[in-house]
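**Q** If you read the protein sequences in the order shown, they are chains A and B. Residue numbering for the first sequence follows my numbering, beginning at 27 and increasing consecutively. Residue numbering for the second sequence follows my numbering, beginning at 27 and increasing consecutively.
The hints are simulated quantities; they were obtained by calculation from the structure and are not laboratory data. No residue lacks a Cβ here, since even glycine has one placed at the ideal position from N, Cα and C. Where hints are given, some of them may not hold.
[Unchecked claim] When the alpha-carbon atoms are kept at most 25 angstroms apart in a straight line, the in silico DSS-like pairs for lysine-lysine are as follows:
| hint | chain 1 | residue 1 | chain 2 | residue 2 |
| --- | --- | --- | --- | --- |
| 1 | A | K28 | A | K338 |
| 2 | B | K273 | B | K227 |
| 3 | A | K123 | B | K41 |
| 4 | A | K126 | B | K127 |
| 5 | A | K319 | B | K273 |
| 6 | B | K308 | A | K275 |
| 7 | A | K92 | B | K301 |
| 8 | A | K123 | A | K236 |
| 9 | B | K175 | B | K227 |
| 10 | A | K273 | B | K127 |
| 11 | A | K175 | A | K95 |
| 12 | A | K95 | B | K127 |
| 13 | A | K308 | B | K236 |
| 14 | A | K127 | B | K94 |
| 15 | B | K275 | B | K236 |
[Stated by the list, open to error] Here chain B is said to cover these stretches of chain A; the calculated rule only asks that three of the stretch's residues, wherever they fall, bring their Cβ under 8 angstroms from a Cβ of chain B:
| hint | segment |
| --- | --- |
| 16 | 169-181 |
| 17 | 193-201 |
| 18 | 320-327 |
If you want the building blocks of each chain, they are given just below.
There are 2 protein chains.
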Amino acid sequence: MKVKKLKTLLIKIFKKHGLKDNHAIISSNALINAELVGAYGHGLSRLKMYCDRISKKVINPKPKIKIKKISQSISHINANDSIGFVAADIGIKVAIKNAKKTGVGLVAIKNSGHYGLSGYYAEQAVKKNLITMIYTNAPPAVAPHGSLKSLFGTNPICFGTPTGSNIPFILDTSISMINRGKIRVAARNNQKIPEGVALDKFGNQTTNAKKALEGVQLPIAGYRGSGLAWMVDILSGVLTGGNHAGKVKDPFDDFTGPQNIGHLFITFKANIFQKNFNQRIKENIRTIKKLPKIKGVKEILYPGQNKFMRFKENSKKEINVPNIIKKDIELLLK
Amino acid sequence: MKVKKLKTLLIKIFKKHGLKDNHAIISSNALINAELVGAYGHGLSRLKMYCDRISKKVINPKPKIKIKKISQSISHINANDSIGFVAADIGIKVAIKNAKKTGVGLVAIKNSGHYGLSGYYAEQAVKKNLITMIYTNAPPAVAPHGSLKSLFGTNPICFGTPTGSNIPFILDTSISMINRGKIRVAARNNQKIPEGVALDKFGNQTTNAKKALEGVQLPIAGYRGSGLAWMVDILSGVLTGGNHAGKVKDPFDDFTGPQNIGHLFITFKANIFQKNFNQRIKENIRTIKKLPKIKGVKEILYPGQNKFMRFKENSKKEINVPNIIKKDIELLLK
């Protein structure tokens, strides 16, 4: 399907579910971006879920979003159970504005929902010559170190910086061995997942995606990954006023109330300490790319480069919409 | 050796090498703290190295440290090749002051050196009810993903937060599978290192600590760990004006010039968004501690708890000074 046609359909669907024009556009853009960068677990596979949550009144289609200015640098946003895309879009824009004005921005959001890819918001800040760090929590998927039960979300750590080129450095890494979205896609398509990334509900290793969804995802690097997940839960949940300690509801399975996810956006000017930041980072990347490579590696890539290339490549083509999602779209348009 | 006696000796040694009284005290306290928390790779095993660097004029014993105030929140410090402990001590104190005044602090340091444990500085901020994130780079030890050669340091990621109790939450995690300091201690004591944490200079797995020091340390979680190490290099090196991209000299082996390590301190008030932060984090920790545990696990610990317990335990006892270090001390006092 052509991007333009798909976008028109998505906007129509979101508006039909009660979203305001600009909120429908923001949400559609975010979903299409996920498809274009190849992050299918955050793209169309979630469309029906978002609409179901609106229909069941656990996403508020007409939120009254309140922005509380604590200082020129610091803002606190109550998203009033909006769709996560809209809350995050406002959040990163306020964080950009604050950093542009004072050098540094710190923006916390509460009462939000799943917002897709952190990297998508990081790119916006990087385009304005800011460095950014973004944290959000998610429903239980990963067991704290020493525990038998999932509690932490896949809690991504996101860092973005300008590079002096048009390809931003965007590290957007889950602290679980595998992204939960990828397991969902595998489960939908009856595909296997890699070994060593998840346990079934009995605590045994599994490559069955459906069993993994019922079980526990493993954190990266044992207690270190568990500590990083805990850090993200504190920064995005405890600090902001959002849910934390395993209380974020699974958006696919639990319609008993809003998710109340929290997000934290930190932004600062890349050239605040060194006027020639762009030159310095270019040199950094150049030096690392020149290192001797492992056999078979053509180029040492920085985080975000691959995604950028996929976006460029996929933007030239039509978007492949699986039959199962075509059916979702048909039903949601009715 | 009693802590008090050891401290007197260390201060005497540092002063003999030209450090001012208060700088000698700061440096001695940092080394003793590392011993007390059981981080021996950052403790007395480095005393001779610091003194050698002063003698060989690659650490400046009488630095003129300049603090440039960019805003009420943001400061840039030129440490003038001071011993790292002193630069970091000033850095965290400025970051605390800025955050106390405006809610958020952002402090970059350049022309510094190895400062020991990030967590030691994080604790200072946490005691003032601040959340903190601290980044520093280090000499090449870890190969970027896809490369055959070390370039990133073990580049720790450090995060600290108040917990509503007297035991702070301090995540201070290297992005390498093993701390370089630990390999040094193992090499000095002819001990083996675990499997899967390092390669020798030919790219083969090794458990020989001396061979590992000549080779490459492995990052946690493959490309994810490599990305995190790259992030730390940018935040502490590229951004601050410090060395980066593998240019930080090994403090033990390379006396051709100062290290010019950079550090970044981010601080903000823990209760800036939620007045009841302490209550919220207590609930967070309580919930996680109550989870069902893996067989053999007595308690789910948060990062920093173990270190705090070791500190408390070790503070009651004398410090065990290995013979090899006793000899260092004797020589350095001459």
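**Q** With reference to the structure, classify each hint as holding or not holding.
**A** These are the hints, each one checked on the structure:
About 15 angstroms separates the Cα atoms of A:K28 and A:K338, which keeps this hinted pair within 25 angstroms; it holds. Of the pairs offered as hints, the one joining B:K273 and B:K227 holds, with about 19 angstroms between alpha carbons and a cut-off of 25 angstroms not exceeded. At roughly 49 angstroms between alpha-carbon atoms, A:K123 and B:K41 are farther apart than 25 angstroms, so this suggested pair is violated. Among the hinted pairs, A:K126 with B:K127 is consistent with the structure: their alpha-carbon atoms are about 20 angstroms apart, no more than 25 angstroms.
A distance of roughly 19 angstroms separates the Cα atoms of A:K319 and B:K273; the hinted pair therefore holds under the 25 angstroms criterion. Of the pairs offered as hints, the one joining B:K308 and A:K275 holds, with about 21 angstroms between alpha carbons and a cut-off of 25 angstroms not exceeded. The hinted pair formed by A:K92 and B:K301 meets the criterion: a straight-line CA distance of about 18 angstroms does not exceed 25 angstroms. Between A:K123 and A:K236 the alpha-carbon distance is near 43 angstroms, which puts this suggested pair outside the 25 angstroms criterion.
Annotation: proposed proximity of B:K175 to B:K227 holds, straight-line Cα distance about 9 angstroms (limit 25 angstroms). The suggested pairing of A:K273 with B:K127 is violated, with an alpha-carbon distance near 34 angstroms, which exceeds 25 angstroms. A hinted pair counts as satisfied when its Cα atoms are at most 25 angstroms apart, and A:K175 with A:K95 does not qualify at roughly 38 angstroms. With a C-alpha separation of about 16 angstroms, the suggested pair A:K95 and B:K127 falls inside the 25 angstroms cut-off, and the hint holds.
Note on A:K308 and B:K236: the hinted pairing is violated, with a Cα-Cα distance of about 35 angstroms set against a maximum of 25 angstroms. At roughly 19 angstroms between alpha-carbon atoms, A:K127 and B:K94 fall within 25 angstroms of each other, so this suggested pair holds. With a CA separation close to 19 angstroms, the supplied pair B:K275 and B:K236 stays within the 25 angstroms bound. Counting residues of the segment 169-181 of chain A whose beta-carbon sits less than 8 angstroms from any beta-carbon of chain B gives 8, enough to reach three: the coverage restraint holds.
Residues of the segment 193-201 of chain A with a Cβ under 8 angstroms from some Cβ of chain B number 3, which satisfies the need for three, so the listed coverage holds. With 5 residues having a Cβ less than 8 angstroms from any Cβ of chain B, the segment 320-327 of chain A passes the three-residue criterion, so the hint holds.
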